Amino acid sequence: MGKAWTFGENMNTDEIIPGRFNITIDPLELAKNVFCEVKPEYAKTVQSGDVIVGGQNFGCGSSREHAPIAIKGSQAKCIIAPSFARIFFRNAINIGLPILECPEAVADITEGDDIDVNLSTGEIFNRTNGRQYQAQALPDFVLKIAEAGGIVNFLKTHDIQDLLMNAEG
Amino acid sequence: MGTLIEEIFSRKAGRQIHAGEILLLDVDYIMSHDNTTPLAIKAFQAIGKPILDKNRIVIHFDHAYPAPNVLAAENHKKIIEFVQAQELPHFLHQGVCHQVMIEEGFITPGAIVIGADSHSNTYGALGAFGTGLGSTEIGVAWATGKCWFKVPETIRVELSGQAQHGVYAKDVMIHIAGLLGMDGGTYRSVEFGGEYIDNLPMHERIIFPNMSTEIGAKCGLIAADEVTINYLENETPAEGPFEALHPINPRYERILEIDVATLTPQVSCHPDVDNVKPLAEVEGLDVNEVYIGTCTNARYEDLEIVANMLKGKKVNPLVRVIVTPASDRIYKKALKNGLIEILMDAGCTVTGSGCGACIGRHGGILAPGERALTTMNRNFIGRMGSPLSEIYLASPATAAATALTGKITDPRNLLMQIAE
Ligand code: SF4
Numbered sequence: 521m522g523k524a525w526t527f528g529e530n531m532n533t534d535e536i537i538p539g540r541f542n543i544t545i546d547p548l549e550l551a552k553n554v555f556c557e558v559k560p561e562y563a564k565t566v567q568s569g570d571v572i573v574g575g576q577n578f579g580c581g582s583s584r585e586h587a588p589i590a591i592k593g594s595q596a597k598c599i600i601a602p603s604f605a606r607i608f609f610r611n612a613i614n615i616g617l618p619i620l621e622c623p624e625a626v627a628d629i630t631e632g633d634d635i636d637v638n639l640s641t642g643e644i645f646n647r648t649n650g651r652q653y654q655a656q657a658l659p660d661f662v663l664k665i666a667e668a669g670g671i672v673n674f675l676k677t678h679d680i681q682d683l684l685m686n687a688e689g
Numbered sequence: 033m034g035t036l037i038e039e040i041f042s043r044k045a046g047r048q049i050h051a052g053e054i055l056l057l058d059v060d061y062i063m064s065h066d067n068t069t070p071l072a073i074k075a076f077q078a079i080g081k082p083i084l085d086k087n088r089i090v091i092h093f094d095h096a097y098p099a100p101n102v103l104a105a106e107n108h109k110k111i112i113e114f115v116q117a118q119e120l121p122h123f124l125h126q127g128v129c130h131q132v133m134i135e136e137g138f139i140t141p142g143a144i145v146i147g148a149d150s151h152s153n154t155y156g157a158l159g160a161f162g163t164g165l166g167s168t169e170i171g172v173a174w175a176t177g178k179c180w181f182k183v184p185e186t187i188r189v190e191l192s193g194q195a196q197h198g199v200y201a202k203d204v205m206i207h208i209a210g211l212l213g214m215d216g217g218t219y220r221s222v223e224f225g226g227e228y229i230d231n232l233p234m235h236e237r238i239i240f241p242n243m244s245t246e247i248g249a250k251c252g253l254i255a256a257d258e259v260t261i262n263y264l265e266n267e268t269p270a271e272g273p274f275e276a277l278h279p280i281n282p283r284y285e286r287i288l289e290i291d292v293a294t295l296t297p298q299v300s301c302h303p304d305v306d307n308v309k310p311l312a313e314v315e316g317l318d319v320n321e322v323y324i325g326t327c328t329n330a331r332y333e334d335l336e337i338v339a340n341m342l343k344g345k346k347v348n349p350l351v352r353v354i355v356t357p358a359s360d361r362i363y364k365k366a367l368k369n370g371l372i373e374i375l376m377d378a379g380c381t382v383t384g385s386g387c388g389a390c391i392g393r394h395g396g397i398l399a400p401g402e403r404a405l406t407t408m409n410r411n412f413i414g415r416m417g418s419p420l421s422e423i424y425l426a427s428p429a430t431a432a433a434t435a436l437t438g439k440i441t442d443p444r445n446l447l448m449q450i451a452e
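Those protein sequences? They're chains A and B, same order as listed.
Under the numbering used here, residues 521 to 689 are what the first sequence spells out, in order.
Under the numbering used here, residues 33 to 452 are what the second sequence spells out, in order.
Just so you know, these hints were derived from the structure itself, not from any lab.
No experiment lies behind these values; they were computed from the predicted model shown.
Treat the hints with care, since some could be wrong.
Here are the simulated lysine-lysine pairs, DSS-like style, with alpha carbons at most 30 Å apart [what the hints assert, rightly or not]: (1) B:K182 to A:K597; (2) A:K552 to B:K110; (3) A:K664 to B:K368; (4) B:K368 to A:K676; (5) B:K182 to A:K664; (6) A:K564 to B:K182; (7) A:K597 to A:K664.
The shape of chain A in the complex, shown without the other chains (with noise of 0.2 Å):
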C-alpha cells in the first residue's frame, strides 16, 4: 500500500539525480535531493511503500548508480513504468529496487492513488478506482537479487551461479 507519484515520459539520470549531488553514493543523502528538480515535494514527503509511477524510457542516459540508489533511499518500494532505460534496469536490479513494466497500470494511475503491489506475482492493485492490473511477473533470479537487498549482498553468501539456478533459462 502506498502512494503513487506519477512522472513523465524520457525521465533521464540527470532529472532523477543531478549530477551536481553524485559525490555520495550514500542512499539516505542521495535521497534528500532525489527529483528536486522536477518534483521538489517528493523527498520532502514521500512515505516508506510509495511507488513511483513513470513514463516511457525511465531512467535514461548515463550509466551512473546514483539514480536508482537516490530512488531506492527514498524508501519507494518500485517503479512502474511502460519501460526502462537498459542500464537503469540492470542497475535497478542489481542494487534491489524492484521494477514493474506495466503500460496499462501506467496510463490508469494519476498522482496519489492508493497503489498495491505484489511483486512476486506482478499484480497492481489501484485501491483509489478499484482496478487490477498485471505487469510481467519479475524473473526469480531478480527476485533473489531483490531480496538479497542488491546483487552485492547476494554475493556475499552465494555463488553467481545461485542466481539462474531454477530460473528460467
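Once you have looked at the hints, place chain B with the ligand on chain A.
Below, chain B with the ligand without anything else, positioned relative to chain A:
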C-alpha cells in the same frame, strides 16, 4: 543459427541460444574509467571476494584527466592505489577508453566485453558484444568473471547505396537516431549491415555501434569481415586467428531499410538526439563553440577531414574551436603528418586526448545561453556545462565548415572547392 547477437552468445555458451533467454556468461574484458571505477571498487570490496582474473580488468583515465579539480584528483588517487594494491596489469591513460580498448587490441570478433560506460556498445564495430553497465556489475565481474544477460531481440538496419560527397557515417547514424528515436532500440541488439556498411572503413563503421547507445540499444553490432580482420591485423596488436561470426537464418524483430544516397548532411538539434533535421533547416544558426572530439568522431581520419577544410584559412575568431583527439596515438600521428599545425594555424585550440569537453567537466564548458556544434554523440541538456546551453551534433566536416563561419554551415560547398 540466428541473429548476430544470438551467434555471439551461442559460441560463448557452447549451445544454441535464443532471444529471451537469461544467461550467465564469462566475460573476456571488464572495462571501467576514472568516473565509474570508484563505485566499482566499493562494490567489489563489499563483496569481499578476491579478483578472479587480473588480466581481464582494464582501467582507463579519460573522463576527467588530467584532473581538473580536487575531487577528480582524489578519485584518481584512490584508483591508482587500488591498481597498485591489486597489481592490475592494464591501467591506461592515453585517450578515450573505447578508442584505446580498440587500439590496444582488447576487442576482437566474438568477444564479450562489458564496460562501466554507456558507450561500450562501440566494440560492436569489430563484431564483439560490447555493452555498458553500472559500476556494481563491474565490481561483481571483477570477483566472478561473469555477468548476466537477457538475450535481446534484434533490429536490423539495412543500409544500401552510396552516400553523397559530404555525407558521412555520422550523418547516416543521426538520421537513424531520428527514425528510431531515443528509446527505439531499448533492450534490443541493433545490427547494422548492407552494402553501405560492407564498403565502409573501420573508422566510419565505429559510429554506428557507438551511437546505438543513443537509441537505447543493449548493443550495436556489425558482423566482422575482411575490413575488420585487416584492421585488427594492421592497426592493433590483437592476435588472431579471428573468427568472423555472422547472422545465420536470422529472425529479426524489425528491419529498417535506408538508401543512404538520398541523405544530405544531418544535425541532431537541441535538446534530444532524436530531434533530427536536415542541416538545411538549421543552417545559419549562430554558434559560440565548435567541439571536435570524443569516442564518436575524433579519429585520425576525422582530424584529416577537418584539417583539409581549414588548411590556409582562419576559423571565426569569436568562436572557440576546440579539437580533442580521441587518443594519444591519433594525436601523435596527426602531429607527425602536420595536421596539428594546420589546425593551430587556423585558430583551433588543440587539447590533450581524452573525453575533454564531452561531459562538461573541463576543456570547453558552455556558459548559459551558449550554443555548441559538436561531433559528439549526445546532446542532453547541460551535458557540456550550463543547463541553459544548447548542443547540436553533426559530422566533423559540418563542424569544420561551421568553425569557419561561426554559423551552422553545410560542408559540401567547401568540400567541392577543395576537390576541384
Ligand atoms: S568521449 Fe564522451 S561519450 Fe565518449 S566515453 Fe568519453 S564522455 Fe563518454
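Cross-check of the supplied hints:
At most 30 Å may separate the alpha-carbon atoms for a hinted pair to count; K182 of chain B and K597 of chain A meet this at roughly 24 Å. Annotation: proposed proximity of K552 of chain A to K110 of chain B holds, straight-line Cα distance about 26 Å (limit 30 Å). Using a Cα cut-off of 30 Å, the hinted pair K664 of chain A and K368 of chain B is violated, with the two alpha carbons roughly 56 Å apart. A threshold of 30 Å between alpha carbons decides the hint, and for K368 of chain B with K676 of chain A the separation of about 52 Å lies outside it, so the pair is violated.
The hinted pair formed by K182 of chain B and K664 of chain A meets the criterion: a straight-line CA distance of about 16 Å does not exceed 30 Å. For the suggested pair K564 of chain A and K182 of chain B, the alpha carbons sit about 37 Å apart, so the restraint of at most 30 Å is broken. Taking the CA atoms of K597 of chain A and K664 of chain A, the gap is near 16 Å; set against the 30 Å cutoff, the hint holds.
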